[in-house]
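Chemist: Here is what each chain is made of, one letter per residue.
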Amino acid sequence: SQELEQSPQSLIVQEGKNLTINCTSSKTLYGLYWYKQKYGEGLIFLMMLQKGGEEKSHEKITAKLDEKKQQSSLHITASQPSHAGIYLCGAPPGNAGNMLTFGGGTRLMVKP
Amino acid sequence: DGGITQSPKYLFRKEGQNVTLSCEQNLNHDAMYWYRQDPGQGLRLIYYSQIVNDFQKGDIAEGYSVSREKKESFPLTVTSAQKNPTAFYLCASSSSGGPYEQYFGPGTRLTVT
Numbered sequence: 001s002q003e004l005e006q007s008p009q010s011l012i013v014q015e016g017k018n019l020t021i022n023c024t025s026s027k028t029l030y031g032l033y034w035y036k037q038k039y040g041e042g043l044i045f046l047m048m049l050q051k052g053g054e055e056k057s058h059e060k061i062t063a064k065l066d067e068k069k070q071q072s073s074l075h076i077t078a079s080q081p082s083h084a085g086i087y088l089c090g091a092p093p094g095n096a097g098n099m100l101t102f103g104g105g106t107r108l109m110v111k112p
Numbered sequence: 001d002g003g004i005t006q007s008p009k010y011l012f013r014k015e016g017q018n019v020t021l022s023c024e025q026n027l028n029h030d031a032m033y034w035y036r037q038d039p040g041q042g043l044r045l046i047y048y049s050q051i052v053n054d055f056q057k058g059d060i061a062e063g064y065s066v067s068r069e070k071k072e073s074f075p076l077t078v079t080s081a082q083k084n085p086t087a088f089y090l091c092a093s094s095s096s097g098g099p100y101e102q103y104f105g106p107g108t109r110l111t112v113t
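These protein sequences, in sequence, are chains A and B. Take the first sequence: its position 40, counted from the start at 1, is 40 in the working numbering, and no numbers get skipped. Take the second sequence: its position 66, counted from the start at 1, is 66 in the working numbering, and no numbers get skipped.
This is chain A alone, in the form it adopts within the complex:
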């Protein structure tokens, strides 16, 4: 079965600093979804990457998919306290269907 490993598991950054979170798959990636979760709440969909080399941005968050490395990265520029939370990646286990396997999450704290 597919496994997704996220690194780092937790991260504390000073407000204004850039940061990167990685999600590495044990198998071929057929797409990658990034979510954000505030503690005790549901997941909020951030971005979906479908093709190798694809890059998407939303406000100060950029995600890339490296198919060859079976990896995706999430980069936050000029972090703000509002970026704090848990970031989770999810990926379909095959090249069809709507099931997702999730990584263990990266807990981000942003110090003002």
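A couple of the hints might just be wrong.
[Unchecked claim] The list that follows gives simulated cross-link-like pairs (lysine-lysine, BS3-like), each with its CA atoms no further than 27 angstroms apart: (1) K57/B - K9/B; (2) K27/A - K57/B; (3) K36/A - K57/B; (4) K36/A - K14/B; (5) K56/A - K36/A; (6) K57/B - K69/A.
[Claimed, not checked] Some, not all, of what chain A presents toward chain B, calculated at C-beta under 10 angstroms: (7) S1; (8) Q6; (9) A84; (10) G85; (11) L88.
[As the list claims (entries may be wrong)] Just the calculated beta-carbon pair ranges, DEER-fashion: (12) G94/A - G40/B: 46 to 52 angstroms; (13) K14/B - A78/A: 45 to 51 angstroms; (14) E55/A - S95/B: 22 to 28 angstroms; (15) V13/A - G40/B: 32 to 38 angstroms; (16) E55/A - D38/B: 42 to 48 angstroms; (17) I60/B - K60/A: 33 to 39 angstroms; (18) S82/A - T5/B: 23 to 29 angstroms; (19) I12/A - D59/B: 41 to 47 angstroms; (20) P8/A - I60/B: 22 to 28 angstroms; (21) V13/A - R13/B: 36 to 42 angstroms; (22) E59/A - D38/B: 27 to 33 angstroms.
Please keep in mind that the hints were generated in silico from the structure rather than gathered at the bench. As the structure is a prediction and not an experimental result, all values here were calculated from the model. Note that beta-carbon positions come from the ideal geometry of N, C-alpha and C, so glycine has one too.
Starting from the structure of chain A, add chain B where the hints point.
Modeler: Just chain B, lined up with the frame of chain A:
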């Protein structure tokens, strides 16, 4: 507004009691899912349903049961057979025809003592 609702937000039960968690969606999605999240961990799939009156076990189905009598509703019952039921439970839904991003409810925190 379209979305997914879960109720209640917090639930407390005594050991040995069955408890049912509610999940309703008005997104017209065919597929619905139940996940369990433990502290510091990712999501683990309990059950999923791709269509009304049909559902399949996920990775950790033991001690849980579901029903899918209506497209909008996918209740989860945590039975007394579940050895460690205290957790945060998340319900999600998605289109079955793509795109496949899953939309999540706010979650129910279940505490069993």
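Chemist: Which constraints among the numbered hints does this structure fail? Numbers only, ascending.
Modeler: 4, 6, 9, 10, 12, 15, 16, 19
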